[in-house]
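Residue numbers (this note's numbering), protein chains in the order written: chain A, 1 to 729; chain B, 1 to 322.
Please note that the accuracy of each hint is not assured.
Covered stretches of chain A (in silico footprint by chain B; criterion: 3 or more residues with CB under 8 Å from a CB of chain B, positions within the stretch not fixed) [claimed, not checked]:
hint	segment
1	93–106
2	343–357
3	366–376
4	506–517
Just so you know, these hints were derived from the structure itself, not from any lab. Just so it is clear, the structure is predicted and the values come from calculations on it, not from any experiment. By construction, the Cβ of each residue, glycine as well, lies at the ideal position given by its N, Cα and C atoms.
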Amino acid sequence: MNRKLIAVLIANLFIAPAALAQSDFKWEGNVGIGGIVTDDKDTRDRAKLEEYQDLSDGAAGYFGIRGRSNSYRLDGYGENIGRDDMFVAISGKRYDAFNYYVYGNWLTHNYGFGPSTRSPYVNPGSTNMTAPFALTGPGALANTSVPPWTSWDANVERRDNGFGFEWNALSPWYVRTDFNQVKKEGNYLFAASNGTSPGNGFVDLAAPIDYKTNNLSLEGGYASRDIVGSLQVLWSKFENENETFSWTNPFFNLGQDTTTQAADNDYFKISGNGVTRNLAWNSQISGRFTYSTTENDIPLLQQMLHTGGVFVPITANTTVFNGDQENTTISLAWTANPERGWDSKLYYNYYKQESSSTHVEFASTALNCTDFSAPSLTKPSVPCTSEPYDYTKNNFGFNLYWRLNPQNRFGFGWDYWDVEREGTNYDNTDTNAVFVEWTTHMIPESTLRAKYIYSQRRSDFLLGNAGISGADPYFLERFVTQFDQQDRNQNLLKITFDTSFAQMVDLGLEFVWQDNDYDDTVLGRTDDKRYGIFATLGFGDPRSWRGSVFGDYEKIELNARHRYINAGACGGAGASATGPNCFDPNQAPFPNAYNWNSTNKDDNWLVGASLAYPINEQLKLTGSILYGRNDGNADITAEVGAPLPINNYDTYKQTSFNLRADYRLNKNWGFSGGYTYQKYDWNDDQYDNYQYLAPPSPLNTSTSYLNGVYAFQNYSANIFWVIGKYYFE
Amino acid sequence: MRRTTVAVITAVAAAAALYGTIAVAQTGQSQSQSQVCAACHQGYVKSFLDGPHGAKGAKGSPAAIGAECSACHGDVSAHLKDPTAAKPAMLFGNRVNATAESAVCLTCHQPNRQLTFWGSGKHALNEVSCNSCHSVHGPIGEGQRVSLKDTGPKISPFVTTQRQLEYETCNSCHAPIRAQILKQSHHPIVEGKVTCSSCHNPHGALSHVMLKSETVNDQCISCHTEKRGPYVFSHPAVQENCLSCHSPHGSVHTKLLNEKVPNLCQDCHDWSRHPGTIYQGNNAWPPQGNANTRFIARSCLNCHNAIHGSNAPGNRGRFLIR
Numbered sequence: 001m002n003r004k005l006i007a008v009l010i011a012n013l014f015i016a017p018a019a020l021a022q023s024d025f026k027w028e029g030n031v032g033i034g035g036i037v038t039d040d041k042d043t044r045d046r047a048k049l050e051e052y053q054d055l056s057d058g059a060a061g062y063f064g065i066r067g068r069s070n071s072y073r074l075d076g077y078g079e080n081i082g083r084d085d086m087f088v089a090i091s092g093k094r095y096d097a098f099n100y101y102v103y104g105n106w107l108t109h110n111y112g113f114g115p116s117t118r119s120p121y122v123n124p125g126s127t128n129m130t131a132p133f134a135l136t137g138p139g140a141l142a143n144t145s146v147p148p149w150t151s152w153d154a155n156v157e158r159r160d161n162g163f164g165f166e167w168n169a170l171s172p173w174y175v176r177t178d179f180n181q182v183k184k185e186g187n188y189l190f191a192a193s194n195g196t197s198p199g200n201g202f203v204d205l206a207a208p209i210d211y212k213t214n215n216l217s218l219e220g221g222y223a224s225r226d227i228v229g230s231l232q233v234l235w236s237k238f239e240n241e242n243e244t245f246s247w248t249n250p251f252f253n254l255g256q257d258t259t260t261q262a263a264d265n266d267y268f269k270i271s272g273n274g275v276t277r278n279l280a281w282n283s284q285i286s287g288r289f290t291y292s293t294t295e296n297d298i299p300l301l302q303q304m305l306h307t308g309g310v311f312v313p314i315t316a317n318t319t320v321f322n323g324d325q326e327n328t329t330i331s332l333a334w335t336a337n338p339e340r341g342w343d344s345k346l347y348y349n350y351y352k353q354e355s356s357s358t359h360v361e362f363a364s365t366a367l368n369c370t371d372f373s374a375p376s377l378t379k380p381s382v383p384c385t386s387e388p389y390d391y392t393k394n395n396f397g398f399n400l401y402w403r404l405n406p407q408n409r410f411g412f413g414w415d416y417w418d419v420e421r422e423g424t425n426y427d428n429t430d431t432n433a434v435f436v437e438w439t440t441h442m443i444p445e446s447t448l449r450a451k452y453i454y455s456q457r458r459s460d461f462l463l464g465n466a467g468i469s470g471a472d473p474y475f476l477e478r479f480v481t482q483f484d485q486q487d488r489n490q491n492l493l494k495i496t497f498d499t500s501f502a503q504m505v506d507l508g509l510e511f512v513w514q515d516n517d518y519d520d521t522v523l524g525r526t527d528d529k530r531y532g533i534f535a536t537l538g539f540g541d542p543r544s545w546r547g548s549v550f551g552d553y554e555k556i557e558l559n560a561r562h563r564y565i566n567a568g569a570c571g572g573a574g575a576s577a578t579g580p581n582c583f584d585p586n587q588a589p590f591p592n593a594y595n596w597n598s599t600n601k602d603d604n605w606l607v608g609a610s611l612a613y614p615i616n617e618q619l620k621l622t623g624s625i626l627y628g629r630n631d632g633n634a635d636i637t638a639e640v641g642a643p644l645p646i647n648n649y650d651t652y653k654q655t656s657f658n659l660r661a662d663y664r665l666n667k668n669w670g671f672s673g674g675y676t677y678q679k680y681d682w683n684d685d686q687y688d689n690y691q692y693l694a695p696p697s698p699l700n701t702s703t704s705y706l707n708g709v710y711a712f713q714n715y716s717a718n719i720f721w722v723i724g725k726y727y728f729e
Numbered sequence: 001m002r003r004t005t006v007a008v009i010t011a012v013a014a015a016a017a018l019y020g021t022i023a024v025a026q027t028g029q030s031q032s033q034s035q036v037c038a039a040c041h042q043g044y045v046k047s048f049l050d051g052p053h054g055a056k057g058a059k060g061s062p063a064a065i066g067a068e069c070s071a072c073h074g075d076v077s078a079h080l081k082d083p084t085a086a087k088p089a090m091l092f093g094n095r096v097n098a099t100a101e102s103a104v105c106l107t108c109h110q111p112n113r114q115l116t117f118w119g120s121g122k123h124a125l126n127e128v129s130c131n132s133c134h135s136v137h138g139p140i141g142e143g144q145r146v147s148l149k150d151t152g153p154k155i156s157p158f159v160t161t162q163r164q165l166e167y168e169t170c171n172s173c174h175a176p177i178r179a180q181i182l183k184q185s186h187h188p189i190v191e192g193k194v195t196c197s198s199c200h201n202p203h204g205a206l207s208h209v210m211l212k213s214e215t216v217n218d219q220c221i222s223c224h225t226e227k228r229g230p231y232v233f234s235h236p237a238v239q240e241n242c243l244s245c246h247s248p249h250g251s252v253h254t255k256l257l258n259e260k261v262p263n264l265c266q267d268c269h270d271w272s273r274h275p276g277t278i279y280q281g282n283n284a285w286p287p288q289g290n291a292n293t294r295f296i297a298r299s300c301l302n303c304h305n306a307i308h309g310s311n312a313p314g315n316r317g318r319f320l321i322r
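All chains, please: the whole structure from these sequences, using the hints.
Here you go:
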């Protein structure tokens, strides 16, 4: 267990004596020990089964504690103690004086386990990964015998430990502090291109992960019925022990190539809240401002591995990148109930992001960029430069609700965004949205709510006149739009119905329909649609047996249009174009340049049921079943040829059957146990028939080396668990 | 909350407390209000006394002011005279009167720091009351500090946690979110490692969808600090909004992506050669296809791995491949 957490827990115990000294302080609680056994005999790689949890065979500790008196309160809970998914939380307070908490929340995110996860490198997960064998040909490691490859586990342990303390003895004044540390350690799947062309292949890499983030905040304020004011300061420091790591590049003559990771950063934020209540018209004014800075200093690599295993120098205008980003927000809201039955809200939000980071120019013959915007068919090679991303956003709007009578309430609202940006293809975006809503209780014991939102976004596109002709690669930019910023019309309808039409029965239904139409898109996402139906039925007597059933269905469809351009025939990017207007999607199609369309679809549904039944005062049985399925695929059509569809895009079935028994033997002893059958079947064209080597082919000039992470997700498991607890008071 | 309502409720509670005292005097027995009510409502009274509302040492608590039941339920005099003929003035669980229900709680809890922006939040405006989620009389679930509404036996894949989890209460209204968090790629919400309140403030916030942070990106990088940057070469779509690519509650696609790669990337990037190339069924692994490295496995991310930003020099960083 983390030493810091132990220390804080021990310190916490010293607070308890003051509480214990209270004659009316009563304890109750339990301590227990349990075990789990998982049988997964048909599972090649159980990482998906254990994605966030520790299902390894073994024991675990449990405790729960509650202390109560008229002045003090203490709650403590711990589970899975001694395991990778441990959770411990202790909190307490002295009423009208102070309160505190301390916690530890651990998990391991598992992506792939060896030996299904394996690497051709001798030392995967280190900061200098080497391959033991010589080249056998251009860009190919001799290490193509997969069985001797090195096994590794792709997982990252996340340990989040923290505490907080608030002093409010002088209420309404208070001060508080919160601290937590998050450590992430393990190995994560990275990858890197081998050469200088997509066809040169790639290698999967076991990246070393060793992150630590410390967060400390101080807050002070005044919180009364009518006025609230507070100020908070947050310091957060992220540290990465491995800002770079190196690996043997088979394409570049077995030289050691370098991959960069996130650099250390410092985050500072000051924020303030203010609320004034009980103003005229039964209103209140609320406000919040924040100012934050994110800074780092990154020593820039002075050379990079390149063709022939040669290290090419990087000539940059600086040796250190000083990252500096500022964010400022202001939020104001005025809510009022001017008359009986009326609720209103006016609001304004301001967001500003400003980058003062170093403007870096990298000049390197081998690693230069291309100036596609140059007004010529021949594109010059230029230094690669960093580009800041700044924005200023103003958002305001109102919500207005009117209760016609006790059964009916109507709502209407308008929301407006004005966004100005630097560093993208859209420098200005306006979005208007309106909504109407009706809520009724006219049906006895029921609520029906319908809400419709229409949103229209319009953007100023900066590349509308890009390029000089259809023979110019840059001309294509006139037609390529980014769906997160381009013109869009959105319709969104939500209908919910809840009813308790019979005693001990609750029914909930919800229907959602959303349609995004990306106006006038030539190339890019043209529209996306989604609709879903969600139903829930709850039944039973809360004092004894209870059950529930639910069913969810969602359909999602994303449509897009693109253009295929054969670089060889059309001159490609940066070279003189020889093809007839290849880069104009409005031209008639021909074999080397034509438009194509894709439709990505997901049909997802989920059904579940549960029942909890007390056999008698001592024994309670609970069972549940859950079945989920997604059918994902993509249809493709083209002006030339007949592309084949992608039949499986994350198509999966998941089944979970749980049985649980809780038995209270007597006042001091209780036992819980259960059994789960769980199965997951997954098909995906990108992973079905997976191989660790993607050999040279007409499309790939060099071998690619894969590690097996995410490839073998299917599992079938029987899980048995039991916990015995001793109760005391 | 209307001042008048506050005044009325406070006056009623005070009167009820006074009546309780008078009633005790008249009966000649030294009984508190809760003891009187326990004659019929033993379970409710016990749960009340176990909680902070029953702590006499807490200044202003119903127990401290001697109005254990009437502080929330209003005038109980008629109900005490003839329980079958009259109910207490305030009963909770009324679909129509959410504002009035919340007003009772806010009589005391308005100054709570967590409720700073309750009046401006979506829950208040949409007539969600305190007792929609909280249960003063309900047991405090395993591993919880406050009582949340118990929504019945859990339906989920196997989880090692024994705790009652927040999402079970939130999902009772937010059914579409239930569908998201149970998808194959999800934040560890059902596993109890991330809660709804890790990102959202259910008690009100000035931000859209009541996020605890001002923007989506601020919220995401509060945990994913390695994505904070600043990077030498950034990815504008990442800088703008994480939700352009990710669906935080859950997705059928790995890494919470909204759409499969390469299609997700091609929705913004169209160019000659491989960005605009059709990746289709015959690009899969043999025998189905020819194992096109731009399609198999992680597709674009096989090479463009530094998708959130890169500190590598030259075109290595510009194209996010180192």
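Task: 8 Å C-beta criterion, at least three residues: is the segment 93–106 of chain A covered by chain B - done: With 3 residues closer than 8 Å to chain B, the segment 93–106 of chain A meets the three-residue bar; holds.
Open item on the list: Please check whether the segment 366–376 of chain A has three or more residues whose CB lies within less than 8 Å of a CB on chain B.
Closed with: holds (count 4)
- [ ] Verify the coverage statement for the segment 506–517 of chain A against chain B, using a C-beta to C-beta distance below 8 Å and requiring 3 or more qualifying residues.
- [x] holds (count 3)
TODO: Confirm or reject the coverage of the segment 343–357 of chain A by chain B under the rule of 3 or more residues with a beta carbon closer than 8 Å to the chain's beta carbons.
DONE: With 8 residues closer than 8 Å to chain B, the segment 343–357 of chain A meets the three-residue bar; holds.
Of the numbered hints listed earlier, not one is contradicted by the structure.
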